[in-house]
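Undergrad: Given next are the chains, with one letter for each unit.
Protein chains: 2
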Amino acid sequence: MSRFWSDQVHRLSPYVPGEQPKSPDLIKLNTNENPYPPSNRALAVLDRALGERLRLYPDPGSAALRELAARRHGLEPEHAFAGNGSDEVLALAFAAFFGAREGFEGPLLFPDISYSFYPVWADFFGIEWKTVPLTDDFALDLAPYCADGAGQGGIVFPNPNAPTGIALPRTRIEALLEAVPDRVVVVDEAYVDFGAESAAPLVTRYENLLVAQSLSKSHALAGLRVGLAFGSPALIAGLDRVKSSFNSYPVDRIAERIACEALDDEAWLETTRQRITQTREWTTGRLVELGFSVLPSSANFVFARHREKPGRELMDGLRAHDVLVRHFDKPRIADHLRITIGTDDEMKRLVSVLETLLGT
Amino acid sequence: MSRFWSDQVHRLSPYVPGEQPKSPDLIKLNTNENPYPPSNRALAVLDRALGERLRLYPDPGSAALRELAARRHGLEPEHAFAGNGSDEVLALAFAAFFGAREGFEGPLLFPDISYSFYPVWADFFGIEWKTVPLTDDFALDLAPYCADGAGQGGIVFPNPNAPTGIALPRTRIEALLEAVPDRVVVVDEAYVDFGAESAAPLVTRYENLLVAQSLSKSHALAGLRVGLAFGSPALIAGLDRVKSSFNSYPVDRIAERIACEALDDEAWLETTRQRITQTREWTTGRLVELGFSVLPSSANFVFARHREKPGRELMDGLRAHDVLVRHFDKPRIADHLRITIGTDDEMKRLVSVLETLLGT
Chain A
597 MSRFWSDQVH RLSPYVPGEQ PKSPDLIKLN TNENPYPPSN RALAVLDRAL
647 GERLRLYPDP GSAALRELAA RRHGLEPEHA FAGNGSDEVL ALAFAAFFGA
697 REGFEGPLLF PDISYSFYPV WADFFGIEWK TVPLTDDFAL DLAPYCADGA
747 GQGGIVFPNP NAPTGIALPR TRIEALLEAV PDRVVVVDEA YVDFGAESAA
797 PLVTRYENLL VAQSLSKSHA LAGLRVGLAF GSPALIAGLD RVKSSFNSYP
847 VDRIAERIAC EALDDEAWLE TTRQRITQTR EWTTGRLVEL GFSVLPSSAN
897 FVFARHREKP GRELMDGLRA HDVLVRHFDK PRIADHLRIT IGTDDEMKRL
947 VSVLETLLGT
Chain B
597 MSRFWSDQVH RLSPYVPGEQ PKSPDLIKLN TNENPYPPSN RALAVLDRAL
647 GERLRLYPDP GSAALRELAA RRHGLEPEHA FAGNGSDEVL ALAFAAFFGA
697 REGFEGPLLF PDISYSFYPV WADFFGIEWK TVPLTDDFAL DLAPYCADGA
747 GQGGIVFPNP NAPTGIALPR TRIEALLEAV PDRVVVVDEA YVDFGAESAA
797 PLVTRYENLL VAQSLSKSHA LAGLRVGLAF GSPALIAGLD RVKSSFNSYP
847 VDRIAERIAC EALDDEAWLE TTRQRITQTR EWTTGRLVEL GFSVLPSSAN
897 FVFARHREKP GRELMDGLRA HDVLVRHFDK PRIADHLRIT IGTDDEMKRL
947 VSVLETLLGT
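Chain order of the listed sequences is A and B.
In terms of the working numbering, the first sequence is residues 597 to 956.
In terms of the working numbering, the second sequence is residues 597 to 956.
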């Protein structure tokens with residue numbers, strides 16, 4: 597607390613990211629990073645010539661990256677946006693579309709169990725918000741979002757949802773877009789490449805849809821900070837106005853070049869995605885054998901709850917054996933663990949430690 | 597315009613950065629980039645091992661960079677902050693310290709001729725602001741900022757000022773800090789390394805001082821997007837609260853590593869700074885001979901006005917000869933040009949084109 601902080605800063609409850617431990621000996625299954633290094637093509641970008649060009653500003657509009665990203669979904673450059681990680685892209689979208697709009701009353705809606713940055717951004721930008729409970733089996737039912745009395749505020753949810761990993765089919769998202777033509781719907785597809793259908797191709801038909809994506813997980817570039825958005829030209833122009841009122845050059849020269857190569861290396865993506873989904877299925881099977889119920893995941897993590905042992909106790913036990921997983925001390929999910937899919941060896945080690953902890 | 601934009605987005609007047617032309621044949625003296633490549637030590641960081649670590653998130657607090665940056669000014673890590681360019685750092689500072697504070701009335705004050713992003717950030721965060729005119733000879737007189745009736749809002753100015761290049765001595769800044777102990781003063785030192793005294797060492801004595809710096813200009817890393825701030829632990833904690841309510845990981849892994857090496861290579865900085873200031877003095881002398889009045893610059897640019905030819909005409913003429921300079925179509929300075937200091941050869945070319953245009 598300080599008398600120099602604006603009143604708003606005193607009221608903020610900042611986001612707390614997962615732990616980034618210094619020790620290299622830990623098996624890190626707590627922040628949904630990809631266990632494999634990025635594409636060789638992306639890494640080949642890192643040379644002296646690129647370094648020397650760092651003396652010049654990057655392209656403020658990241659035109660090369662936007663064009664390539666759009667093309668992958670059959671879209672035009674004016675449908676795409678790039679920022680400093682999908683966190684920044686989402687923050688800018690909150691400011692652009694979820695702030696007060698004259699004539700459109702009602703709170704921003706998002707699931708009660710979801711990405712915990714949503715309420716932080718809403719509070720930061722002074723946006724009224726309300727959560728909508730997932731069903732008892734942690735499914736995302738979109739009906740309450742378009743029910744009478746839901747208001748005319750925006751809607752945001754991850755697909756697949758996090759931390760549950762459960763995906764919605766694109767047809768359900770399309771039905772929502774039809775039902776709420778006056779409200780902006782942001783679909784946060786940070787994990788979409790691990791098994792869900794992207795809504796990005798819908799942006800040519802629904803002017804109220806913005807799709808956010810990340811290179812952090814599926815492209816193994818969490819350390820690079822590149823996020824994307826796809827939307828109608830009107831929504832992309834809104835994002836650009838906010839971006840250029842906050843920070844003109846969020847994507848640096850190296851990040852843009854690496855991101856372009858990584859997005860273009862579809863073969864790498866396909867191979868890595870298959871490895872991770874295979875490891876996910878193996879891990880799910882072993883967890884079930886150990887007495888966990890595991891939600892059906894379309895992401896690079898699983899959300900699992902043991903039939904007897906509390907989540908907190910398991911997390912602490914794993915940590916004592918140098919395995920980090922994520923636990924959320926929140927209503928409804930305090931007995932769950934969110935476990936990132938690592939390499940096969942890492943998941944074998946996880947299972948082995950769990951066997952020890954559970955005495956099986 | 598779009599019905600999906602928040603009301604605020606309709607009202608924004610986004611910042612317009614200097615042109616980043618695609619043609620490599622232009623002599624680019626319009627955006628204050630460094631004409632020399634970054635430090636060899638910084639470039640040596642770009643290797644495959646660093647690339648492979650991109651699969652992991654960066655340190656959200658950029659602890660290594662903060663510690664190194666603080667040490668250069670004899671400060672502790674808790675006095676330092678790092679962000680995605682000094683633009684992001686300044687944007688976060690506006691939100692943290694210039695928003696409404698109960699009991700402290702009055703607008704944010706900054707010079708009428710100054711960095712044109714200040715009113716953009718103020719408008720974006722809904723901050724009331726007012727400009728204070730520079731003197732007739734474009735000096736920054738701090739007296740009006742602490743006069744009766746100035747109010748209790750914050751203060752921000754660049755030192756050296758941009759686009760004038762004129763620097764204030766540290767003693768004058770210290771006197772201001774003494775005079776306004778209840779108001780946050782942000783000193784924007786983007787160009788400080790080219791000849792001004794940094795106020796950073798004062799942060800241990802003045803809790804109301806925040807100093808922003810950039811690696812874009814003096815360290816030749818405009819393409820990397822790394823900015824710094826120095827302040828009392830209370831101010832740094834306020835910046836951290838805002839940062840963590842907007843984007844947890846603004847400094848990527850590569851940017852942090854390169855920035856650390858660049859900051860630590862003091863010999864490179866000293867050599868480059870000397871080359872640029874020598875070229876600046878040569879350029880100033882030639883411009884004066886050509887009939888320009890040139891403000892005394894402590895930056896890597898000069899702000900010059902010809903005694904006869906309008907600024908716009910000269911800019912267009914230079915452009916037609918493939919030399920880009922910056923012109924601001926604004927009151928009081930519409931006849932000035934802001935000319936970045938490039939290499940000796942580039943400045944000789946500039947002078948030669950000006951000779952042609954002026955018929956001398």
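It should be emphasised that the hints constitute simulated quantities derived from the structure, not laboratory data.
Certain hints may be false.
Where chains are identical, the list cannot tell them apart; a pair therefore holds if satisfied intra-copy or between any two copies.
Said to hold, decoys possible - Below, a list of computed lysine to aspartate or glutamate pairs in the DMTMM-like style, where the Cα atoms sit at most 25 Å apart: (1) Lys-618 x Glu-877; (2) Lys-726 x Asp-603; (3) Lys-618 x Asp-603; (4) Lys-926 x Asp-778; (5) Lys-905 x Asp-744; (6) Lys-726 x Glu-674; (7) Lys-726 x Glu-648; (8) Lys-726 x Asp-918; (9) Lys-926 x Glu-774; (10) Lys-944 x Asp-643; (11) Lys-618 x Asp-643; (12) Lys-905 x Asp-603; (13) Lys-926 x Asp-940; (14) Lys-618 x Glu-701; (15) Lys-618 x Asp-732; (16) Lys-618 x Glu-648; (17) Lys-726 x Glu-951; (18) Lys-944 x Glu-672; (19) Lys-944 x Asp-719; (20) Lys-726 x Asp-941; (21) Lys-944 x Glu-698; (22) Lys-926 x Glu-663.
Undergrad: Could you work out which earlier hints the structure fails to respect and list their numbers in ascending sequence?
TA: As far as the earlier hints go, 1, 3, 4, 5, 6, 7, 8, 9, 10, 12, 13, 14, 15, 17, 18, 19, 20, 21, 22 are violated by this structure, in ascending order.
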